[in-house]
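Listed in order, the protein sequences are those of chains A and B.
Sequential numbering of the first sequence, starting at 1, is according to the numbering used here.
Sequential numbering of the second sequence, starting at 418, is according to the numbering used here.
It should be emphasised that the hints constitute simulated quantities derived from the structure, not laboratory data.
Treat the numbers as computed from the prediction; the structure is a model and nothing was measured.
Keep in mind that a hint or two might mislead.
Said to hold, decoys possible - Derived lysine to any residue pairs resembling SDA-like cross-links, with alpha carbons at most 20 Å apart:
1) B/K498 - A/S177
2) A/K241 - A/K259
3) B/K496 - A/S390
4) A/K192 - B/D464
5) A/K192 - B/I506
Stated by the list, open to error - Pair ranges (Cβ atoms, derived):
6) A/G302 - B/G497: 35 to 41 Å
7) A/V224 - B/S436: 44 to 50 Å
8) A/V224 - B/E502: 39 to 45 Å
9) A/L277 - B/G497: 35 to 41 Å
10) A/E170 - B/E458: 21 to 27 Å
11) B/E458 - A/S202: 32 to 38 Å
As the list claims (entries may be wrong) - Far from chain B, by Cβ distances over 10 Å, these chain A residues were calculated:
12) G180
13) Q235
14) C236
15) T246
16) D247
17) T287
18) I303
19) N312
20) G316
21) Y392
Beta carbons are placed, not taken as given, at the ideal position from N, Cα and C, and that holds for glycine.
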Amino acid sequence: MALNFSQRPIFSAHTSEDNMVSPMRIVNGEKGGHDELRDRFGPRREVVDRGGSPDSVSKDIIDLLPSDPFGMGIDISTTFTAITGWFGDMELDYGDYIRNTIVNHKEDYGLFAGFNFFWNSAMKFQSFPTNLMFHDQHNKDYNCVLVTKSEEFVNDFATCPDVIGGDPHEAFVLALSYLGTKDLLAVERVCKSLCSTIHNDSLLWRNLYIDQPLNERITDDVLVQLTNRAEGNLQCLSLIKCPKITDDGLRRVLETNPKLTKLYIPGCTRLSIEGILNNLKAFNSNTETAGIKHIKTGGFYGITLDHYELLNNLLGIQKNNYIPHYYHRANSYQPCDDDRAIDVEICPRCQNLRLVYDCPAGGCQPKDHCRACIICIPRCAECGRCVHNSEYEETFSLEYLCSECLKQLPRCQEPHG
Amino acid sequence: MIADEIVLSFPNITRVTMSKVLEYCNIHGAGADDETRAFDEQFVDVDQKTLFDLVLAAHDLKIKMLYDIVGERTGDMMKGKTPEEIRIIFNIGENSCVDDHPLQKELNPWAFE
């Protein structure tokens, strides 16, 4: 973002002329430039671009551009150089030719913070993009003009049919953080620069989520390779039904990722509860690691009360505010959807360690009345309400649907009576 | 009182993009609701060039909400596509760097069996 302003108001000689709209720039008087301009305006000059010769003036800008001539302590109440009717005239005469390119490289967006304030307060919006009127806390009226990039110089690769293929657009790279693992691996194959970007950007690999279809193919070696891309910054690892991952593979991952705090491993059939506990013991007792704080097992086969107590100790369970947890056919494997430390608990009815669900049905509101594992209280796969007190049907896929959810099914899916 | 004028310059953002950004900020100024969601859907339904310009603008201006929706939309354009399809859609050359990486096509074969 760049700012252009002058401590002095614009010379009247400029504005009086047929309301000509010109971008303003402050240049360092010592550097080169047009002599005649220097003569006219004095040692501290403002160069007015009349849009006649873009090329010659552009050389001036590059030559004369100061890095930070005024020690840019920007005060929004300072009088700024006025440019009026800029955009309207630019469109007609100069094709949005921009001259102002003083660049403030500081990360301090103090001015923009104030700018944000203006969006929140009452703002009169005149026909954009000419002028914006707004009021600040000092009850002054400001006329704000936005100076933007010339569209002549936009690198418009989309309209160059002769270009067979270029580098990926910068925006493309920024969007990579919205991709899942499978898509990242596909994009890696697109070209070498993307391959290098994806491989080396550890931020993209901080949360690794492996689901269909990669889950069935991923092995211990591949898992270690992928987790290494985070360069020790892996925070959340979700392995959803990955049958090839073993306790040893998990151990290797934990050894090289000290910042891991969330581990989700539902349906990983080769992981044993003893293996998990051993790995957690080693990991959480290591003083260099913060330790795993959240683990989702999806209901571990063979987990006993002793295992559960040990898990509680290792994770340092604290009593948090209770959040109801409802059943849905897909929710066992939801990653990071709540802050519970362990997903299994003791079922109030059968006392086994399973996933326990609350009931969203209106008639079951007393909290503990309808809380149990899915085996003790069957539930609708869609809405999670208990089905033993109301009408329900067992569908072809052997799940229960309450009468309300049944009505909302498309007809072809209704089970035959 | 004389109106003071402030000039804010954004050399990396075009006028068209800036007007869209401001439109977004105005709609979302009061918070999210159904109307804003409907607006968002229509807002991101633009051509690739405009979308890319919006991503860069939102990134530069640090407007997280806008960045999220346009970034996600851009990501959606890539999801589920093969490398060849991505090259075509985004006009990316296969060998966009000097060195020819012979094994590029064979990266992570396990993921594409």
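Status of the hints after comparison with the structure:
About 16 Å separates the Cα atoms of B/K498 and A/S177, which keeps this hinted pair within 20 Å; it holds. Of the pairs offered as hints, the one joining A/K241 and A/K259 is violated, with about 23 Å between alpha carbons and a cut-off of 20 Å exceeded. Of the pairs offered as hints, the one joining B/K496 and A/S390 is violated, with about 41 Å between alpha carbons and a cut-off of 20 Å exceeded. A hinted pair counts as satisfied when its Cα atoms are at most 20 Å apart, and A/K192 with B/D464 does not qualify at roughly 26 Å.
Of the pairs offered as hints, the one joining A/K192 and B/I506 holds, with about 17 Å between alpha carbons and a cut-off of 20 Å not exceeded. The hinted window of 35 to 41 Å between A/G302 and B/G497 holds, with their beta carbons roughly 38 Å apart. Under the hint 44 to 50 Å, the C-beta atoms of A/V224 and B/S436, about 49 Å apart, fit the expected range. Taken as a hint, the range 39 to 45 Å is violated for the pair A/V224 and B/E502, whose Cβ atoms sit roughly 30 Å apart.
A beta carbon spacing of about 38 Å between A/L277 and B/G497 agrees with the range 35 to 41 Å that was offered as a hint. Range check, A/E170 to B/E458: Cβ separation about 25 Å, and the 21 to 27 Å hint holds. Checking the proposed 32 to 38 Å range against B/E458 and A/S202 shows it holds: the Cβ atoms sit about 33 Å from each other. Once the 10 Å rule is applied to beta carbons, A/G180 is inconsistent with being away from chain B; the minimum gap is 7 Å.
Separation of A/Q235 from chain B is adequate, the least Cβ-Cβ distance of about 19 Å exceeding the 10 Å criterion. A cut-off of 10 Å between C-beta atoms confirms that A/C236 is not in contact with chain B; the least separation is 19 Å. The non-interface label for A/T246 is consistent with chain B: the shortest C-beta to C-beta separation is roughly 16 Å, beyond 10 Å. For A/D247, the non-interface assignment is confirmed: its Cβ lies about 21 Å from the closest Cβ of chain B, beyond the 10 Å cut-off.
Consistency note on A/T287: stated as away from chain B, and its beta-carbon is indeed over 10 Å from all of that chain's, at 35 Å minimum. Remark: the non-interface label on A/I303 is consistent with the geometry, its nearest Cβ contact in chain B lying 31 Å away (cut-off 10 Å). The Cβ of A/N312 sits about 36 Å from the closest Cβ of chain B, beyond the 10 Å cut-off, so the non-interface label holds. For A/G316, the non-interface assignment is confirmed: its Cβ lies about 32 Å from the closest Cβ of chain B, beyond the 10 Å cut-off.
In this structure A/Y392 is separated from chain B by more than 10 Å, as the shortest Cβ-Cβ distance comes to about 32 Å.
Checked against the numbered hints above, the structure breaks hints 2, 3, 4, 8, 12 and satisfies the rest.
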